[in-house]
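**Student:** Chains as they are written, first to last, in the working numbering: chain L, 1 to 301; chain E, 1001 to 1447.
Just to be clear, a hint being listed does not mean it is correct.
What the hints assert, rightly or not - Which chain L residues face chain E? A few, computed with CB under 10 angstroms, are given here:
| id | residue |
| --- | --- |
| 1 | Ala143 |
| 2 | Gln148 |
| 3 | Ile149 |
| 4 | Pro163 |
| 5 | Arg179 |
| 6 | Gln182 |
| 7 | Val183 |
No wet-lab data here; the hints were simulated from the structure. Given the structure is predicted, the values throughout are model-derived calculations rather than measurements. In this text, a Cβ means the ideal position worked out from N, Cα and C, and glycines have one as well.
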Amino acid sequence: MNLVERFKAGLARSKEGFLRHLDLLFSGGELNDDFYEALEEALILGDVGVEASLKLVEQLRLEVSRRKIRERNQAKEILMQEITAMLNGAEEPVKPDGEPLVILLIGVNGSGKTTTAAKLAYRYRREGNEVLLVAGDTFRAAAIEQLQIWAERAGVALIRQQPGSDPSAVFYDALNAARARQVDVVIGDTAGRLHTKVNLMEELKKINRVIGRVQPGAPHRVLLVIDATTGHNGIAQAARFNEAVPVTGLVLTKLDGTARGGIVVGMQDTLKVPVCYVGVGEKLEDLLPFEAADFARALLA
Amino acid sequence: MFANLAEKLQNTLRKLRGKGKLSEKDVDLALREIRLALLEADVNFKVVKEFVEEIRERAVGEEVRQSLTPGQQVVKIVHEELTALMGREQSKINLAGSPAVIMLAGLQGSGKTTTAVKLAVELSHGGRKPLLAAADTYRPGAAEQLQVLGDSAGLPCYRNDGASPVQICREAVRFAAREGYDPVILDTAGRLHLDAAMMDELKEIKAQLKPAELLLVVDAMTGQDAVNVASSFHEALGLTGVILTKLDGDTRGGAALSVRAVTGCPIKFAGVGEKLDALEPFHPERMASRILGMGDLLTLIEKAEAGFDQQKARKLEQKLRRQEFTLDDFREQLQQIQQIGSMEEILAMLPAAQLPKELRRLQVDEKQFQRIEAVIASMTPAERNNPAIINSSRRRRIARGSGTTVQDVNRLLTQFSQMQRLFKQMGSLEKKGFKNIGKGKRGFPFF
Chain L
1 MNLVERFKAG LARSKEGFLR HLDLLFSGGE LNDDFYEALE EALILGDVGV EASLKLVEQL
61 RLEVSRRKIR ERNQAKEILM QEITAMLNGA EEPVKPDGEP LVILLIGVNG SGKTTTAAKL
121 AYRYRREGNE VLLVAGDTFR AAAIEQLQIW AERAGVALIR QQPGSDPSAV FYDALNAARA
181 RQVDVVIGDT AGRLHTKVNL MEELKKINRV IGRVQPGAPH RVLLVIDATT GHNGIAQAAR
241 FNEAVPVTGL VLTKLDGTAR GGIVVGMQDT LKVPVCYVGV GEKLEDLLPF EAADFARALL
301 A
Chain E
1001 MFANLAEKLQ NTLRKLRGKG KLSEKDVDLA LREIRLALLE ADVNFKVVKE FVEEIRERAV
1061 GEEVRQSLTP GQQVVKIVHE ELTALMGREQ SKINLAGSPA VIMLAGLQGS GKTTTAVKLA
1121 VELSHGGRKP LLAAADTYRP GAAEQLQVLG DSAGLPCYRN DGASPVQICR EAVRFAAREG
1181 YDPVILDTAG RLHLDAAMMD ELKEIKAQLK PAELLLVVDA MTGQDAVNVA SSFHEALGLT
1241 GVILTKLDGD TRGGAALSVR AVTGCPIKFA GVGEKLDALE PFHPERMASR ILGMGDLLTL
1301 IEKAEAGFDQ QKARKLEQKL RRQEFTLDDF REQLQQIQQI GSMEEILAML PAAQLPKELR
1361 RLQVDEKQFQ RIEAVIASMT PAERNNPAII NSSRRRRIAR GSGTTVQDVN RLLTQFSQMQ
1421 RLFKQMGSLE KKGFKNIGKG KRGFPFF
């Protein structure tokens, strides 16, 4: 199975119930209130979020009346375009000249930051880059060992310190090492933190400041890692993390389950940053670029 | 972030006051609000649908019609029904067998490893001698994580990294029986409910070890998918209960309701923090309040009582009455509040609807407390008793001594004098007959 097929298989599974619902919905009949209400519910069921769902359906109503559409399947095409439009907007990380590209992964506990760091490192390495991983999670027991094992598997170097040390200090050392070794990409793992913990969010701000001090302009990419099973709390996560450190993109993990990951629609609407990658499995190669149009099409196919 | 249900419903139904009775349309309107609020709390859509139908029957009934405040009456009904759905009573853990086996299962990242150790800590406080078994052989560093966490809590962890998960579990139980450990807590690898091979492994462990408890560990932030996950795990394994994790965030936790509704299994514990003792028995009624955004006053009161010294409280009350409240007393108050929990924990337990807007979004820096304590500690006893003598040279000295700035010292002194004025006003009000002001039922001046 190649990557695209695997992605599709993952998406197909993750949308099974949701799609069946929508397929039935779009298969015929007139465009009445029942239809819109059912559509709203279907989107909510896909974790798209109440606010974003209401907004999408409202837009659809306007478009339908503006274009004088009467068929349900035509309405589906419009909704697909709406979702694509909401998710569009590519993050183009500009690789700095003669300096490493610095990527920081942030998110709540258990969202999949460490695994994503390894997958991303592998991805950059395969593209021919010299990659350096940073074990910035000094809090969780054995998080450093976990990343160490991943780094070995991915064949990239890792900068680490003792458990419990100041993560900012780890990044300080790592960035200096990265410049000395002239690596192309630095990928930093951080400890999982709930966005409501003020001290931990302050720690994240400090990490960001220290990185910027060693290398002005860095970090170039700040990726918020979100578990596809997440519900409405994703919106609060997006807002709060973005307040602490401006987020440049999202990574949607664990899309190989039955979760639809629809919350990225609402998060994207809050943050106005793109979804950059999706995680679809436990292997190093199971991180794929996110395609807004494909996602929307698959969501409503 | 989300307006809470109680507030919304009251607004919707306030318009109906003065009407003789609620019409069908009025009820529909209220039910729509309930439906959206529950969906926003991530309660599964199908669960919401059934639930709202049940509410409808009661909402058109006599108790609402005859009520002068139909909004509150409906909220009360919703709360009651939610609590009923969540299983009225607290459910205890089953420790039958020697040793008793407790098996944890769940998706990746739901928090099994941390929960295993928290559960062991909880049971060891109850006089048990638990053994942790590292049966997650898939995630790199998982066994190491369990052992490190176990070590930090002084709890043993059984490891055999080369062996299969089933074998590790079997060995751990045999080891526990021989060495007198009871219960054994099996930490299994996170897995997708779709992964047939991995689910078979859990079935095998269950068949061989016959656990007294097979608990599903669920992230409280889970959305609509909670139903799929819980029902798949339940069908495959026959769960005995659920542990809800990461409830210390600001999630409403509607997943709790979904999981409970589809499996019928009780939620036994809730994870409420990063520390290893942050596992609490699950209270269905309090969770119902949380889902509705009505706060968790019961837990707060319980914690306040636990962390509060009645005698000190009486002494303080007398001081307040005589207007002798000093900076020393202030410091003591701060320390007592901190014993209850972090400010964000306390705020999370308060009913959002009754808080001023600014307070709802308030983020408290715990270090602020430490700073205030440091400032007070750097004062001389004379200064603490009579802050009026603190001139600018003293302020500079205090700032230096406490590692803060003169501005910090000034801010504290201003706040303190405001507080004293407030207490004075309360004192004079009381003389005029407002007996209850400043004299909270539990002698807790700040609440």
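**Student:** Confirm or reject each hint.
**Tutor:** Each hint, compared with the structure:
1. For Ala143(L), the suggested interface contact is upheld, since its CB lies about 7 angstroms from the closest CB of chain E, less than 10 angstroms.
2. Using the Cβ-Cβ criterion of 10 angstroms, the hint placing Gln148(L) at the interface with chain E is satisfied: the shortest such distance is roughly 8 angstroms.
3. Look at Ile149(L): its Cβ gets to within about 4 angstroms of chain E, closer than 10 angstroms, so that hint holds up.
4. The criterion of a C-beta within 10 angstroms of any C-beta in chain E is met by Pro163(L), whose closest approach is roughly 8 angstroms, and the hint holds.
5. At a threshold of 10 angstroms, the smallest CB-CB gap from Arg179(L) to chain E is about 28 angstroms, leaving the interface hint violated.
6. Annotation: Gln182(L) was flagged as interfacial toward chain E, and the flag is violated, the nearest CB pair being 28 angstroms apart, outside 10 angstroms.
7. Taking 10 angstroms as the C-beta cut-off, the interface hint given for Val183(L) is violated, the closest approach to chain E being about 23 angstroms.
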